[in-house]
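Protein chains in written order, with the working numbering: chain A, 170 to 407; chain B, 2 to 607.
To be clear, the hints were calculated from the coordinates, so they are not data collected in a lab.
Note that the structure is a prediction, hence the values are computed from the model and not measured.
C-beta: ideal position from N, C-alpha, C; glycine also.
Heads up, some of the hints might be wrong.
In silico lysine-lysine, DSS-like type, Cα no more than 25 Å apart, as pairs [to be verified]:
| id | chain 1 | residue 1 | chain 2 | residue 2 |
| --- | --- | --- | --- | --- |
| 1 | A | 238 | B | 204 |
| 2 | B | 563 | B | 535 |
| 3 | B | 518 | B | 55 |
| 4 | A | 238 | B | 202 |
| 5 | A | 396 | B | 313 |
| 6 | A | 233 | B | 204 |
| 7 | A | 233 | B | 313 |
| 8 | B | 202 | B | 55 |
| 9 | B | 313 | A | 347 |
| 10 | B | 437 | B | 411 |
| 11 | A | 233 | B | 518 |
| 12 | B | 134 | A | 254 |
| 13 | A | 254 | B | 21 |
Listed next, with one range per pair, are the computed distances between beta-carbon atoms [said to hold, decoys possible]:
| id | chain 1 | residue 1 | chain 2 | residue 2 | range |
| --- | --- | --- | --- | --- | --- |
| 14 | B | 79 | A | 384 | 49 to 57 Å |
| 15 | A | 404 | B | 350 | 34 to 42 Å |
| 16 | A | 403 | B | 339 | 26 to 34 Å |
| 17 | B | 295 | A | 259 | 51 to 59 Å |
| 18 | A | 277 | B | 423 | 36 to 44 Å |
| 19 | B | 125 | A | 351 | 57 to 65 Å |
| 20 | B | 478 | A | 384 | 30 to 38 Å |
| 21 | A | 404 | B | 497 | 24 to 32 Å |
| 22 | B | 303 | A | 331 | 49 to 57 Å |
| 23 | A | 324 | B | 299 | 21 to 29 Å |
| 24 | B | 306 | A | 324 | 19 to 27 Å |
| 25 | A | 331 | B | 295 | 33 to 41 Å |
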Amino acid sequence: MDQHHTHNTGSRDLRMARSMCWHCQSEMSGEYFCERCVKVQPVSKETDYFTCFGLPRRLTIDLKKLEAKFYEMSRAFHPDFYQNKSETEQTISLGNAATLNTAYRTLRDPIQRAEYLLDLEAGSVKDIRTSPPSDLFEEILELQETVEAYRASDRTSETGRRLLTQLVAERQALDQRKQDMEHHLQQICTDWDALQDRGEATSQARTERDRLLKQMREILSNRTYVKNIVNDLAATIG
Amino acid sequence: MPRIVGIDLGTTNSLVAYMKDGKPCVIPGRTGRAMVPSVVALTDNGLIVGDSAKEHLTRSPERTVYSVKRFMGKGLADVQNELAYFPYSLTERGGVIRITLGEKSYSPPQISAMILKELKQRAEAHLGESITKTVITVPAYFNDSQRQATKDAGLIAGLEVLRIINEPTAASLAYGLQNKTQGTIAVYDFGGGTFDISILKLKNGIFEVLATNGDTHLGGDDLDRRIADLFLDEIRTAAHLDLSTYPDYMQAVRLEAERAKVRLSDELKTQIAIELPDGKGRYTRELTRDQLESMVMDIIERTLIPCRLALKDAELMPAQIDEVVLVGGSTRMPLVRQRVQELFDKQPHCDINPDEVVALGAAVQADILSGGTTDMLLLDVTPLSLGIETMGGVMSSLIRRNTTIPASAKELFTTYVDGQTGVDIHILQGERELVKDNRSLARFRLKVPPLPAGVPRIEVTFLLDANGILNVTASDMRTGQRQSIDVKPSYGLSDNEVEQMIEDSFKFAQEDVAARKLIEARLDAEALIVTTEKSLSEGARLVAQDMLAAIREALTALTAAKGGTDPKAIRARMADLEQTAKPLSVTLLDDSLKRSLQGKKVTDIT
Ligand SMILES: Nc1ncnc2c1ncn2[C@@H]1O[C@H](COP(=O)(O)OP(=O)(O)O)[C@@H](O)[C@H]1O
Ligand SMILES: [Mg+2]
Numbered sequence: 170m171d172q173h174h175t176h177n178t179g180s181r182d183l184r185m186a187r188s189m190c191w192h193c194q195s196e197m198s199g200e201y202f203c204e205r206c207v208k209v210q211p212v213s214k215e216t217d218y219f220t221c222f223g224l225p226r227r228l229t230i231d232l233k234k235l236e237a238k239f240y241e242m243s244r245a246f247h248p249d250f251y252q253n254k255s256e257t258e259q260t261i262s263l264g265n266a267a268t269l270n271t272a273y274r275t276l277r278d279p280i281q282r283a284e285y286l287l288d289l290e291a292g293s294v295k296d297i298r299t300s301p302p303s304d305l306f307e308e309i310l311e312l313q314e315t316v317e318a319y320r321a322s323d324r325t326s327e328t329g330r331r332l333l334t335q336l337v338a339e340r341q342a343l344d345q346r347k348q349d350m351e352h353h354l355q356q357i358c359t360d361w362d363a364l365q366d367r368g369e370a371t372s373q374a375r376t377e378r379d380r381l382l383k384q385m386r387e388i389l390s391n392r393t394y395v396k397n398i399v400n401d402l403a404a405t406i407g
Numbered sequence: 002m003p004r005i006v007g008i009d010l011g012t013t014n015s016l017v018a019y020m021k022d023g024k025p026c027v028i029p030g031r032t033g034r035a036m037v038p039s040v041v042a043l044t045d046n047g048l049i050v051g052d053s054a055k056e057h058l059t060r061s062p063e064r065t066v067y068s069v070k071r072f073m074g075k076g077l078a079d080v081q082n083e084l085a086y087f088p089y090s091l092t093e094r095g096g097v098i099r100i101t102l103g104e105k106s107y108s109p110p111q112i113s114a115m116i117l118k119e120l121k122q123r124a125e126a127h128l129g130e131s132i133t134k135t136v137i138t139v140p141a142y143f144n145d146s147q148r149q150a151t152k153d154a155g156l157i158a159g160l161e162v163l164r165i166i167n168e169p170t171a172a173s174l175a176y177g178l179q180n181k182t183q184g185t186i187a188v189y190d191f192g193g194g195t196f197d198i199s200i201l202k203l204k205n206g207i208f209e210v211l212a213t214n215g216d217t218h219l220g221g222d223d224l225d226r227r228i229a230d231l232f233l234d235e236i237r238t239a240a241h242l243d244l245s246t247y248p249d250y251m252q253a254v255r256l257e258a259e260r261a262k263v264r265l266s267d268e269l270k271t272q273i274a275i276e277l278p279d280g281k282g283r284y285t286r287e288l289t290r291d292q293l294e295s296m297v298m299d300i301i302e303r304t305l306i307p308c309r310l311a312l313k314d315a316e317l318m319p320a321q322i323d324e325v326v327l328v329g330g331s332t333r334m335p336l337v338r339q340r341v342q343e344l345f346d347k348q349p350h351c352d353i354n355p356d357e358v359v360a361l362g363a364a365v366q367a368d369i370l371s372g373g374t375t376d377m378l379l380l381d382v383t384p385l386s387l388g389i390e391t392m393g394g395v396m397s398s399l400i401r402r403n404t405t406i407p408a409s410a411k412e413l414f415t416t417y418v419d420g421q422t423g424v425d426i427h428i429l430q431g432e433r434e435l436v437k438d439n440r441s442l443a444r445f446r447l448k449v450p451p452l453p454a455g456v457p458r459i460e461v462t463f464l465l466d467a468n469g470i471l472n473v474t475a476s477d478m479r480t481g482q483r484q485s486i487d488v489k490p491s492y493g494l495s496d497n498e499v500e501q502m503i504e505d506s507f508k509f510a511q512e513d514v515a516a517r518k519l520i521e522a523r524l525d526a527e528a529l530i531v532t533t534e535k536s537l538s539e540g541a542r543l544v545a546q547d548m549l550a551a552i553r554e555a556l557t558a559l560t561a562a563k564g565g566t567d568p569k570a571i572r573a574r575m576a577d578l579e580q581t582a583k584p585l586s587v588t589l590l591d592d593s594l595k596r597s598l599q600g601k602k603v604t605d606i607t
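Bound-form chain A, shown alone (with noise of 0.2 Å):
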């Protein structure tokens, strides 16, 4: 598997910590199998989606190979696979299977890994937003006027039907500001990736990671109170 290792601040220890088979009590050295008596090991807690993957904790992934490790690993892991083994092993197959297609799930989507990431380097995410980002009050605001206006008025009407014209317009304009978040956190990723490839450890290093994560995070935080507002409006125009 990939040896790469990110050595970030308050990052957890990403090796699974040398420990003992839970079956023949040996040192472990084999990744999730027992290098002495061959039986599944369990996915450590601490170990990272990424650590899981072999994978260095970057956020351009080539999804192809993640596809294949995916299923490289489902071929090792599945409960399919352990129908004939004692009860540990078969409780065992199930949790990292379980781990494994959560891990999965995240780093295949690029927003989901993103903010995975960020809940890995500085905390969760989840600070979910309730006003609109400053850029977009006004709008949102008058969308809201627009969309309570539409919902009062006769469908059937000329004012319905204008309304509901404006709204759909303001539905592209939205879903466009969205793809125009994603495309700026593209590159933000790309800048994250340079920067822990780089490798150094000098202050200036360490203010430029804070600063590109404290952009994903604001952007991520954006770009989810879009998604909602136009999902909303799907929902009313249907």
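Given the structure of chain A, go ahead and fit chain B with the ligands onto it with the hints provided.
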């Protein structure tokens, strides 16, 4: 590892299959047919299953259960609006429907277990070994309660259900194995009672389900009802006759509607004839395929909605589907094929028998579990979101629909009041916002040590296993101690009840065997009596008087034994009779041989 068989426990028909030299094959019954109608009837001789039970649908409709799968994991309120269609009587106890047959009432898993037992016996007879382990298929859109009910049915039938797998994915296994397919496929499964759509990616032996959707209350049964309602209306107007008070005629109409529907898959028009009660003559009419199609168009359209939703969840356009596979008897309807073809813009495949493909796939999965097949692996998803009730009657989702299983989610719980010793948790399944619009799965009370509010930290793990069945565990984060949880299912049998049913079923199994032996002995005795009497009438002049008297005596003895209940006594008297009557039958044989030779030239006899 003992052999594992694959079972398709269908609404209409059930089958059992196994893996033979790397190829799945279905197991036929004595008559050569592999399909067992999913019908159970209570007769004077006891419970019967399958083809013979189907004959009782019109003879004793109130004692003949069909489409029991519609009731699995359900309460009475769930099926309220279709009760009128079923001639047998349904009640509810402990959140579980009960079906009354004679003096007893049975839960849907018990009825299903009778069908499973029939399949089990069939497999045992065919393979010459005892069968105790199985994979059973369920509609992909079955919820946790329905899956659990299916597992219970297996247990009651004396089968360990090693895996519950989804019908469309099972079909994809059989299809993929046969055709070595790679790419994205859609499996459209339209049977008797349920509809499922699954979209999968097939790559190097991995069958990854991308999305699944469906309707567990949409199938050929609904088409039959639509047609039957038309007939009933016309009979009401034309003959001034309301058949709803005649359960037997209602069944006859339903069956005629189904037969007409099936015929119209091959023909453009068909003749309907139904005998009416009370000397009202007979109802006849012609039904054309066009008429049928316009009558049921909306039902067929309803199958397309889940298809579009599944595509959306898989983030695919119809054109990105490489192949469409048709499963289930209802996909034989030309209109269904046409609509599917239009939606996906490609000719659907139906090169594996749509009746058998699910059972074949179950056999493949059974082989994977037993270690026979190692290059194929199915990665399935949960069809419905899983969540818990939060403040204000809102469902908070923990595992989203279409998440690959096994899947787990952890939640941390604490207390709001000092010294609080428990937290009530209500588990739900569904896609709606509000608790009341989703399916209640279970409730349990989490035990908490009495501490100041907010101090206890109990982590609850919700795990959906590879069967899509929920397992809940909890542990106290402060002490690291695990807690056992007693989950009370909202619509399921309790463990105790299942155990009782297993016991009963075992008891009945022995009674059943005894009953079966008696029935068989009587039937054989009857046959022997008939042939002996025939011999007597033909050959009385060929044997001595005292011989005839002896035969008559043995015949009387057998007739008496046949009236009793001891199969051994019957067999003994049969042996006596055969022995006594032997000279007679030998003489008769010689005689007929002689006569058949008369008038023939020697050269003809070779
Ligand atoms: N040729 C046909 N044309 C139309 N419907 C058919 C045909 N053959 C079978 N069916 C219908 O298919 C349904 C049974 O399909 P099947 O796949 O065996 O169901 P299930 O899986 O629910 O047991 C019934 O409703 C039956 O009427
Ligand atoms: Mg079926």
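Going through the hints against the structure:
no. : hint                         : result
1   : 238(A) to 204(B)             : 13 Å, holds
2   : 563(B) to 535(B)             : 19 Å, holds
3   : 518(B) to 55(B)              : 22 Å, holds
4   : 238(A) to 202(B)             : 16 Å, holds
5   : 396(A) to 313(B)             : 17 Å, holds
6   : 233(A) to 204(B)             : 12 Å, holds
7   : 233(A) to 313(B)             : 22 Å, holds
8   : 202(B) to 55(B)              : 39 Å, violated
9   : 313(B) to 347(A)             : 19 Å, holds
10  : 437(B) to 411(B)             : 23 Å, holds
11  : 233(A) to 518(B)             : 62 Å, violated
12  : 134(B) to 254(A)             : 16 Å, holds
13  : 254(A) to 21(B)              : 24 Å, holds
14  : 79(B) to 384(A): 49 to 57 Å  : 51 Å, holds
15  : 404(A) to 350(B): 34 to 42 Å : 37 Å, holds
16  : 403(A) to 339(B): 26 to 34 Å : 31 Å, holds
17  : 295(B) to 259(A): 51 to 59 Å : 54 Å, holds
18  : 277(A) to 423(B): 36 to 44 Å : 39 Å, holds
19  : 125(B) to 351(A): 57 to 65 Å : 59 Å, holds
20  : 478(B) to 384(A): 30 to 38 Å : 34 Å, holds
21  : 404(A) to 497(B): 24 to 32 Å : 45 Å, violated
22  : 303(B) to 331(A): 49 to 57 Å : 35 Å, violated
23  : 324(A) to 299(B): 21 to 29 Å : 25 Å, holds
24  : 306(B) to 324(A): 19 to 27 Å : 23 Å, holds
25  : 331(A) to 295(B): 33 to 41 Å : 39 Å, holds
Checked against the numbered hints given earlier, this structure breaks hints 8, 11, 21 and 22; the rest are met.
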